[in-house]
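A.B. asks: Chain by chain, the residues run as shown.
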Amino acid sequence: GQNIDQPTEMTATEGAIVQINCTYQTSGFNGLFWYQQHAGEAPTFLSYNVLDGLEEKGRFSSFLSRSKGYSYLLLKELQMKDSASYLCAVNPPHGFGNEKLTFGTGTRLTIIP
Amino acid sequence: GAVVSQHPSWVICKSGTSVKIECRSLDFQATTMFWYRQFPKQSLMLMATSNEGSKATYEQGVEKDKFLINHASLTLSTLTVTSAHPEDSSFYICSARRDRVSYEQYFGPGTRLTVT
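Residue numbers (my numbering), protein chains in the order written: chain A, 1 to 113; chain B, 1 to 116.
Heads up, some of the hints might be wrong.
What the hints assert, rightly or not - In silico DMTMM-like links for lysine to aspartate or glutamate, alpha-carbon gap of 20 Å or less: (1) K100/A / E52/B; (2) K64/B / E87/B; (3) K41/B / E9/A; (4) K66/B / E22/B; (5) K55/B / D99/B; (6) K100/A / E87/B; (7) K64/B / D99/B; (8) K76/A / D65/B; (9) K81/A / E41/A; (10) K66/B / D99/B; (11) K20/B / D88/B; (12) K14/B / D88/B; (13) K76/A / E9/A; (14) K68/A / D5/A; (15) K66/B / E87/B; (16) K41/B / E41/A; (17) K100/A / E63/B; (18) K41/B / E87/B; (19) K100/A / D99/B; (20) K57/A / E77/A; (21) K57/A / E104/B; (22) K76/A / E14/A; (23) K81/A / E14/A; (24) K41/B / D5/A; (25) K41/B / D82/A; (26) K68/A / D52/A.
As the list claims (entries may be wrong) - Some chain A residues judged to face chain B by a derived CB distance under 7 Å, without partners named: (27) H38; (28) A42; (29) F103.
The hints are simulated quantities; they were obtained by calculation from the structure and are not laboratory data. Glycine included, C-beta positions come from ideal geometry on N, C-alpha and C.
All chains, full assembly: derive it from the sequences and hints.
C.D. replies: If you want it as C-alpha cells, here you go:
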C-alpha cells in the first residue's frame, strides 16, 4: 500500500527559511515530486528526486533519503507569494499503464510579514 | 513548454444532469492522462488513468459508470460526470504525461463543478 505523511499546516515569517517534511511508506519507489498549489489553482511542478541527496533550484531545494523514506522541501528567503499548499507525491514502480502518482495530504504554508 | 488546458473552468449544473469536462495537451502528445478530484482543503485523489485508445483504469471506489472517461486522441481526454449529485461537487483536475521517460505530470488549471 501507499502511505505518505506531511504536516497539515505550517507558518513562517517573510524572509526566513522553512522546511516541509514528507515521509512515505510505499510498495516500491521510483521517484518523489514536490508540487506547489495555490488555492483554487492546479499544482505546479517544483522538484523531482529519484536519487539520494539534495537538489537545489533557486530558492527551493529538495532532499531525499530513500533508506529512511524521507524527503523535505526547503524554501529560503520566503516571500508572501509562497503562501500555498505544498504536495509531496511518490511515483511507485510502474509498468505499462500504471505510471501514477500518489499524493500526500499536502502542507498548507502561511507566510506572515 | 508543456501546457494542459481544461474546459470549462467552472460549471454549475442541476442534480441529475451530466457534465463533460475536456482536458487537452496543447503543445505535446500525452501518452497518459490522469483525472483527479480534490475536495476543499484536501489533497488530490486520483480517480482514473487514461491511455489513448484503451479503456481507462479506475481507482478503487470510483464508479466507472458514473465517471465516464474517453481518451479520443493523444491530445484530448474527456471526463463525463453522469447523473450528477451535490456530493459530486468538487474541483476536478487533469494531468498529462508527455512521454514514458519523464515521470513528470503537467496539470491543467482545473474545473470547479457545483451541482445544485
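A.B. asks: So, for every hint listed, does it hold in this structure?
C.D. replies: Each hint, compared with the structure:
1. With a CA separation close to 15 Å, the supplied pair K100/A and E52/B stays within the 20 Å bound.
2. Restraint check: the Cα-Cα separation between K64/B and E87/B comes to about 16 Å, which is no more than 20 Å; the hinted pair holds.
3. Of the pairs offered as hints, the one joining K41/B and E9/A holds, with about 11 Å between alpha carbons and a cut-off of 20 Å not exceeded.
4. For the suggested pair K66/B and E22/B, the alpha carbons sit about 16 Å apart, so the restraint of at most 20 Å is met.
5. Of the pairs offered as hints, the one joining K55/B and D99/B holds, with about 19 Å between alpha carbons and a cut-off of 20 Å not exceeded.
6. Using a Cα cut-off of 20 Å, the hinted pair K100/A and E87/B is violated, with the two alpha carbons roughly 25 Å apart.
7. Distance check on the hinted pair: K64/B and D99/B sit about 26 Å apart at the alpha-carbon level, beyond 20 Å; violated.
8. For the given pair, K76/A sits about 47 Å from D65/B by alpha-carbon distance, which is inconsistent with the 20 Å threshold.
9. Distance restraint check for K81/A and E41/A: the Cα-Cα separation of roughly 14 Å lies within the 20 Å cut-off, and the hinted pair is therefore satisfied.
10. Restraint check: the Cα-Cα separation between K66/B and D99/B comes to about 29 Å, which exceeds 20 Å; the hinted pair is violated.
11. Distance restraint check for K20/B and D88/B: the Cα-Cα separation of roughly 13 Å lies within the 20 Å cut-off, and the hinted pair is therefore satisfied.
12. For the proposed pair K14/B and D88/B, the alpha carbon gap of about 11 Å is at most 20 Å, so the pair holds.
13. Between K76/A and E9/A, the direct Cα distance comes to roughly 18 Å. Compliance with the 20 Å bound is thereby established for this hinted pair.
14. The straight-line distance between the Cα atoms of K68/A and D5/A is roughly 13 Å, inside the 20 Å bound, and the hint therefore holds.
15. Our distance criterion of 20 Å between C-alpha atoms is met by K66/B and E87/B, whose separation comes to about 13 Å.
16. A distance of roughly 12 Å separates the Cα atoms of K41/B and E41/A; the hinted pair therefore holds under the 20 Å criterion.
17. Under the criterion of a C-alpha separation no larger than 20 Å, the hint pairing K100/A with E63/B is consistent with the structure, at around 18 Å.
18. A C-alpha spacing of about 16 Å is found between K41/B and E87/B, which places the hinted pair at or below 20 Å, so the restraint holds.
19. At most 20 Å may separate the alpha-carbon atoms for a hinted pair to count; K100/A and D99/B meet this at roughly 13 Å.
20. Restraint check: the Cα-Cα separation between K57/A and E77/A comes to about 13 Å, which is no more than 20 Å; the hinted pair holds.
21. Annotation: proposed proximity of K57/A to E104/B holds, straight-line Cα distance about 16 Å (limit 20 Å).
22. The suggested pairing of K76/A with E14/A holds, with an alpha-carbon distance near 10 Å, which does not exceed 20 Å.
23. A threshold of 20 Å between alpha carbons decides the hint, and for K81/A with E14/A the separation of about 10 Å falls inside it, so the pair holds.
24. Between K41/B and D5/A the alpha-carbon distance is near 15 Å, which keeps this suggested pair within the 20 Å criterion.
25. Restraint check: the Cα-Cα separation between K41/B and D82/A comes to about 17 Å, which is no more than 20 Å; the hinted pair holds.
26. Under the criterion of a C-alpha separation no larger than 20 Å, the hint pairing K68/A with D52/A is consistent with the structure, at around 10 Å.
27. At its closest, the beta carbon of H38/A sits 11 Å from a beta carbon of chain B; the interface hint therefore is violated under the 7 Å criterion.
28. For A42/A, the shortest C-beta to C-beta distance to chain B is roughly 4 Å, which falls under 7 Å, so the interface hint holds.
29. Because the closest C-beta pair between F103/A and chain B is about 5 Å apart, less than 7 Å, the hint holds.
In summary, the structure is inconsistent with hints 6, 7, 8, 10, 27 from the numbered list given earlier, while agreeing with the others.
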